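Residues 1 to 433 (the working numbering) make up the sequence shown, in order.
Treat the hints with caution; some may be incorrect.
Pairs of lysine-lysine residues, derived as DSS-like cross-links and limited to a Cα-Cα distance of at most 27 Å, are as follows [to be verified]: (1) K256 <-> K425; (2) K245 <-> K298; (3) K167 <-> K308; (4) K415 <-> K162; (5) K160 <-> K173; (6) K308 <-> K415.
Hints were generated in silico from the structure; no laboratory data involved.
A quick note: this is a predicted structure, and the numbers were derived from the prediction, not measured.
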Amino acid sequence: MRKTTIQHISNPENFKAQLLNWSQQFDEVVWLDSNNYDQEYASYDAVLAVEALTVFQTDYYDAFNQLREYQLSVNDWIFGYLSYDLKNDVEQLYSQNLDGLQFPDLFFFQPKKLFFLKGNTLEVHYLNLVSDEFEKDFNAINETFPFVSVETLSEEEIIKIKLRIHKDEYFEKVNKMLAHIHRGDIYEANFCQEFYTENTQINPLETYNKLNAISKPPFATFLKAHDKYLMSASPERYIKKEGLKITSQPIKGTAKRSTDKAEDDQLKEALSKDIKERSENVMIVDLVRNDLSKTATKGSVKVEELCKVYTFNQVHQMISTVTSMVSETIHPVDIIKTTFPMGSMTGAPKISAMKIIEDLEETKRGLYSGAVGYFSPSNDFDFNVVIRSILYNQTNKYVSYSVGGAITAKSDPLKEYEECLVKAKAMREVLEN
């Protein structure tokens, strides 16, 4: 079905830039880049999937069952995304908030051409029907200029970011969420707000390159589905399946960075000991353990790492690692269905939190706080969490990014607002140039 070719790449960083630039000619693109971030669970340094042989997209209704059927029928690599609103397929929920982006709820494609880079080794998997194109493509990639030209904007083109929720309204909404917490409806919920701009055109690849250069995260993603684009600097893995082992790595707890090393170390140390941030993380770890237990073999759910602080270019983050084992009879889509949407972007208890989120947020989340990734022919998968991301509908000329934070009983609305601005900084800088 696929022809595999192995190539030695002498300058992987340069080649990655050339490969991504070359990919822009196709209508369907998924690019995943770990930015050489030192992490235990990485399978590849970078992956590129382009040019669909088959495509499956749908709204939330019966989406997971249909995805299972699609995955079984192609029995091949498929790449794509799951939007947050697939919650409505899993539970009796709805999404009625404003949707400026208009992405399908679910989108996957079977790529004709696949590239996996690890160190200096490039492994290429072309479907047999296009396998004779590899040499021509490989030469074209090597002749591609690695970087896009950076255009300077004229006065009229300067992007002005608008807020969907203004500061006072944000405080009001967080206080309403705190009232739910004090009443015992929930312990924690992730509350998000959208920043957007209309009648705006951007260069998606240039935007992605700038965002990635600022953040260098381990789950960076460039996704193109015809006229819809995701440019993501995500630091978070949602879920991975390798053989029979499942790994989920929720992030909860954020601290800003400092250019002064002593102060930066202090900020990191303070985050690791912060009772509020730790309690946020532990609540979500409990939720993830519960989600994984739905498909796990008995007694196999383990917390491998609890509240470990990792450092990224923009922020320090508190990450936990929860693992389980599954039996061979469990379908991979069912593992995702029983854990979706991820705990770090919802809250605890999950269903109550999602209802309150829908009620208080102003925007349909769509792909934001969903997941991008792939299924392999051997039923493995790996998905990130779509955060720290810019979304773009080219036809509607609508650009959007959202940020959120976990609200718990100890939350201070002003501090939560400031944390949102820290998370939004890179996206804002990139768009406002």
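Are there hints from earlier that the structure breaks, and if so, what are their numbers? 3
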